[in-house]
Amino acid sequence: MNDLYNGYDRSIDRYLEKIEKHLQNPIIKSFFEAPGNLDLLKEVIDNPTDLLKKKLDDTFREFYFKIRFTTYLSQAIYFNAINFDKKIKLFSERNLTILDKPLKGDHEGTLIDVLSSAEWKDKQDVFPASSDISDHLTSDSLFYGAQLLTDNQRQLLSLAYIYGLNDSEIAVYLNKSQQAVSRSHKKALSKLREVIEIDREGRGLGD
Amino acid sequence: MIESLYTLVKQSRTDNNSLVCVIDIFSPKIDHSLKQTKQQFREDLSQELKIKLLDCIRNYEVDNIPGYFQMIELLEGRIEKSIL
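Sequence order for the protein chains is B and X.
Oh and the first sequence: position 49 is 49 in this note's numbering, straight run, nothing missing.
Oh and the second sequence: position 63 is 63 in this note's numbering, straight run, nothing missing.
One should not assume that every hint holds.
[To be verified] From the structure, some residues in chain B lie toward chain X, with a derived Cβ separation under 8 Å: (1) F65; (2) Y72; (3) Y78; (4) N80; (5) F84.
Hints listed in this document are in silico derivations from the structure and should not be mistaken for laboratory results.
Glycine included, C-beta positions come from ideal geometry on N, C-alpha and C.
Only chain X is shown next, with the shape it has when bound in the complex (with noise of 0.2 Å):
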């Protein structure tokens, strides 16, 4: 893996390559899950996935992810709540 998860995802909302590496990224969770369902059905399922992890990457805010001092920030006013 050359590139971040972080660039790649970022990347993913304009460019096919990156959301199709963030995909292969993840393919052995996808395996792994094909495990509980039956042999004929494994091959939807895998499809059926893929389809719904390019939604959740393409739509993931990556913008959201607070920084460092954003996050000591929000940790300080979690604490503050409890205290209240």
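So here's chain B without its partners, still in its complex pose (with noise of 0.2 Å):
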């Protein structure tokens, strides 16, 4: 019983040192330090039936497998993740919103930055709290056409179209009668009104 027992410990130490160089791989390592699996070895090299060669196979390849297959699907996921963000910020950066665009010319920055910036903002507002209508207009013939008007009736139009007032408020605020306003706001808008029609009578014959 004991010299049985001592061949069988000899003949798994005989083979441990012969695949001693193999010990150090890792998977190889790992898979005797699972428990069961160096009990599974003795008993192969004890009896070494196909049965239990079989056995031992497929025990290491069930532990293998786990272990590269799950290596393998990690690193997919892992990097098709990345592909999509890569793919992502392509798609986000060939199509941008309007605000989000660079702007031409050496312009630096988005035109969101430059909407947001105080420099741009104080550009907009020259004449913020200007009560004077010609403050306001952009056209050229409107602007000439309102120097061409009284100060009474530039005042009209500012408290109109400024303050939004209509004719009856401004006749209490200028205390006049509605009626009078009325009139007055009436000729006021077609001289300018003349004024324009003028100019682009005149534009279209240069054209």
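The two chains are supplied separately, each in an independent frame; assemble them into the complex guided by the hints.
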């Protein structure tokens, strides 16, 4: 009995010595560190039948498969996630919204940067608080026409179009009758219209 | 998990339920990689990754994994090569 046990022990030792260099291999090493696998190897060496060999083979295959497959899938997930992000980034770079587009010319930054900058805001509010209608006109002919109006008419237009008052409110404000204000308002507008039309005709002839 | 990963992957070539099981096993890994992308694209990415996994699992050559004795032979060969 003792002899038999020693013989068994020796053969496993001899085998382990033979494959000693392979035991350094991380896969083989961790395979034998897992419970039960070394016992299986002992059984195979002690009694090398095809059935036991196949059992060892299959156990190892399953063990190795789990490691290889998990690594493979983990890497597949990792790299595909990175690729996906790159794709999204490329797409959004090629399809910018208007506000996010970089400006043409020597401007730096995007449109939204410029719009939100203090500099741009200051430029927009040149006459923010002006109560004179002339300061709010952007058309040359209208501006010219406004200079031809009387002070009273300009004040009336300012009240009507800057402050949004109606004729009766203006009348109360200026201490005049509503009819007088209305007449004066109409007159001012028709004068402006006249100026614009003359200007337009002049340009039409010029073409 | 009742069945081992090995059998599940082997079966997933023909059996969709096994395929779903395998993808479920890897779903924590998928969820983890969602964190790197913007909130609005996470659902897309998750779907995209699952499609990729489907391909990977279906096309994986399970039988190419060496058995124990094959592995020892392989290692033996590698060492001989490195000596030469």
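Going down the list of hints, with the structure as the test:
no.: 1; hint: F65; result: holds (5 Å)
no.: 2; hint: Y72; result: holds (7 Å)
no.: 3; hint: Y78; result: holds (6 Å)
no.: 4; hint: N80; result: holds (5 Å)
no.: 5; hint: F84; result: holds (5 Å)
When held up to the earlier numbered hints, the structure conflicts with none and fits them all.
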